[in-house]
Amino acid sequence: MEGRRSLAGVFSELPLAQQIVVGAAVALVVMGGFLFFRWVSEPSYTVLYTNLDDQTLAAVVEELERADIPYRIEGGGSRVLVPRAQVYEARAGLAAAGVRSEVVPQGYERLDEQGLNVSEFMQDVNYQRALEGELARTLMAMEDIGAATVHLVMPERALFAADEEPPSASVLVDPIRPLDDRQVETIVYLVAGSVEGLTPENVTVADVQGTVLHAAGDLAGTTAITSRNLRMTREYEAALAADVQRLLTSVLGAGRSSVVVRATLDFDEVATERERYEPDSAVALRESVTTESFDGTGTPPGGTVGVDGAPQPPEDAEAYTYDRNETVREYGVDRTVTREVSAPGVVEGLSAAVLVDDGSLTGAAAPDAAEIERIVAAALGIDEARGDEVAVSLVAFPAVDDAEAEPEPPGTALDPLSLAPQAVGGLVLLAVVVTLLLMARSANKKVVTPIDVGSVNAGLPGGDGAGGAGEPTGSAEVPAAALAGVQSDVMDLVQRQPEEIAVLLRGWLADRR
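Counting with my numbering, you get residues 1 to 513 for the letters of the sequence shown.
Any given hint might turn out to be false.
[Unchecked claim] Restraint ranges, calculated between C-beta atoms of paired labels, are given here:
no., residue 1, residue 2, range
1, Asp334, Glu143, 38 to 46 Å
2, Thr226, Arg84, 43 to 51 Å
3, Gly77, Met232, 42 to 50 Å
4, Ser170, Tyr88, 30 to 38 Å
5, Leu361, Arg228, 25 to 33 Å
By construction, these hints were calculated from the structure, which means they are not laboratory data. Just so we're clear, the structure is a prediction, and the values are computed from it rather than from any experiment. Cβ coordinates follow ideal geometry from the N, Cα and C atoms, glycine included.
Can you make the complete structure from the sequences, with help from the hints?
The structure is reproduced here in structure tokens:
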């Protein structure tokens, strides 16, 4: 109680301006504590479902209210958020209640819902829808894709293969962040490989902003190949430049060199087939010898054939002799067949530009340009016969202060909202310190109160009374009530102003001496 009275007394003795400051500080402390407690006690919300239609949203909200799970609705009614600690409980409860979210499309489980009296046409339609749902699920499993929709066009089978139309596909994605060429290529080949007869040239990919990421047709294939070749070239150049830069940094120091590398790559796939024969190493594989002889009269073989198919010799034929020898040989000749296929990405040329600090501004020693050129050429594998080139120039680099802080890497910047609790705590602590300083300053202030020495002496035994003798007398009588009141006032005065009372007592003692 004494502490409260003393605190209230100190506050009442403060000037009005300080009382306002103290009151504002106390109010700030209370408000900061309330906000901090509310921030600590409030649960963190996360997304439960998104892209909900009105009917599904109503069912989800009804089930969450029945399960007594707090929720929030954002995104114009298309997104439901629940406390992070209860998200799995909420999903399990919604699944048990039969509430489905359209965020994950149905796949092959759609076929389980069809009955026995389903026509062939409906079976084909359900199969196509199930396949589209499965493809959408697969695409949504990728890290940078939030939602996906797949549409397939699967023509009917024709009697002749020449009359069949190829299938095609259209993919609409809602990416969390922009997709690069590799991810788009992954989507194209993933969809094309999941449908029979579908080729990457017949797949169209677009995002929800209306940007065509991959167009169907021959142009799409050519564009994709060109983009891939350019990406491979840039990656190869960056790898070479990084290697040379690390080498120069280890020799010259950081910030004293800059390297740019340009490469010419041949992405044509060339197949070459050669056949070589060795006639000197011929070996006879087969040999056929035919011998024919004739001795007698008549027409030699090869004469006019008669009606009956036999030659008709003349009546006066003379004697005739005929001999024929025929030899047929088949030789095996050594034959070498060579087939060479050059892989895409053959380096056709390299060029490098290197800038090195000459030390005119930094005070460092100027390096040898010829030595730097030789090192860079060896590191890059420069081939002069191929037309490769390395250019090294000594230029003045600005001086770099080593004491300067390194640039903060991306992604480490603090979010201002994340500093709100620390800011509130700092304000509360500052307000408490200011309040304590003001109270301590007020308590240390010396309030000088005039003391009526005569009245004190008159109330004390032996004091100067009406007679003004100043000496103690036995006839002085003081009422007990008055004496008790004076003693209480004196004790209070001693407690409040001990230094002034001590000075007064020293004066009295000096006077009596």
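These are the hints, each one checked on the structure:
1. Asp334 - Glu143: 38 to 46 Å: violated (59 Å)
2. Thr226 - Arg84: 43 to 51 Å: holds (46 Å)
3. Gly77 - Met232: 42 to 50 Å: holds (46 Å)
4. Ser170 - Tyr88: 30 to 38 Å: holds (35 Å)
5. Leu361 - Arg228: 25 to 33 Å: violated (43 Å)
The earlier numbered hints that this structure contradicts are 1, 5.
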